[in-house]
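Engineer: In the working numbering, the protein residues as written are 3 to 189.
Heads up, some of the hints might be wrong.
Stated by the list, open to error - Distance condition first, Cα-Cα at most 25 Å in a straight line; then the derived DSS-like pairs of lysine-lysine: (1) Lys105 / Lys4; (2) Lys127 / Lys64; (3) Lys122 / Lys64.
As the list claims (entries may be wrong) - Pair by pair, the computed Cβ-Cβ distance ranges are: (4) Val102 / Thr30: 28 to 34 Å; (5) Ala61 / Glu155: 38 to 44 Å; (6) Leu10 / Pro103: 33 to 39 Å; (7) Val133 / Leu96: 31 to 37 Å; (8) Phe179 / Tyr26: 39 to 45 Å; (9) Leu13 / Tyr160: 26 to 32 Å; (10) Tyr56 / Leu13: 24 to 30 Å; (11) Ile175 / Leu23: 35 to 41 Å; (12) Glu68 / Leu27: 42 to 48 Å.
No lab work stands behind these hints: they were computed from the structure.
Predicted model only: the values in this text are computed from it and were never measured.
Even for Gly, the Cβ is constructed at its ideal location relative to N, Cα and C.
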Amino acid sequence: MKLTFQKLLLLGILAELLILLACYLLHTELEETFRYAARYSGRLSAALFLYCFYQYASAFPKPLKENNSLRNSLTLFAVLHIIHFGFLANNVYLNDIPLVPAKLAGGALAYFMIVVAPFKLHALKIPFQLVYFYYVTLVMSMTYVARIKGDFEGAEPYWLHYLVLGTFILCAILFAFWMGKSKKLTK
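Throw the hints in and build the complete structure from the sequences for me.
Structural biologist: Structure, rendered in structure tokens:
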């Protein structure tokens, strides 16, 4: 059975709803429900983003406008990350989490780029596409750096944070190597 984009989108949305339901069943106080929903939804988003980056790097320098699989993945990532934002916004509101303007600006730019990417990224030249992938990687990585430093209220540093941060760093380096190597082969 082939999974169409619509089926993948439905599965992704169902996964987000299951995350919310599981968090509610485990933590019935809404403050904790949304704290954990934002956490696990963010991990799903991180994994999906790395898959998108992998697709981009492995097909490089194939024009993005010709890569429908990647464009569908970027759309799925954007939709699920918007849902994650809803969980995150509820967590911030319900738990009275103070916002740091500099961090907020960097994250807002990344969210904007994520939402616009399915519609505009394919029309941009390769250097701007790379800015998208590496900037979003940086912002997601900084989220895990903050967790490791203990800057996240309600989330103690945990071995998984180191693993995810290391995965982001390793992928960023590995994908750069792949893309650099394939660019040399096409010259």
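Engineer: All the hints need checking, so say for each whether the structure fits it.
Structural biologist: Consistency of the hints with the structure:
no. : hint                       : result
1   : Lys105 / Lys4              : violated (41 Å)
2   : Lys127 / Lys64             : holds (12 Å)
3   : Lys122 / Lys64             : holds (16 Å)
4   : Val102 / Thr30: 28 to 34 Å : holds (30 Å)
5   : Ala61 / Glu155: 38 to 44 Å : holds (40 Å)
6   : Leu10 / Pro103: 33 to 39 Å : holds (36 Å)
7   : Val133 / Leu96: 31 to 37 Å : holds (34 Å)
8   : Phe179 / Tyr26: 39 to 45 Å : holds (43 Å)
9   : Leu13 / Tyr160: 26 to 32 Å : holds (27 Å)
10  : Tyr56 / Leu13: 24 to 30 Å  : violated (19 Å)
11  : Ile175 / Leu23: 35 to 41 Å : holds (37 Å)
12  : Glu68 / Leu27: 42 to 48 Å  : holds (44 Å)
Hints 1, 10 from the earlier list are contradicted by this structure; the remaining hints agree with it.
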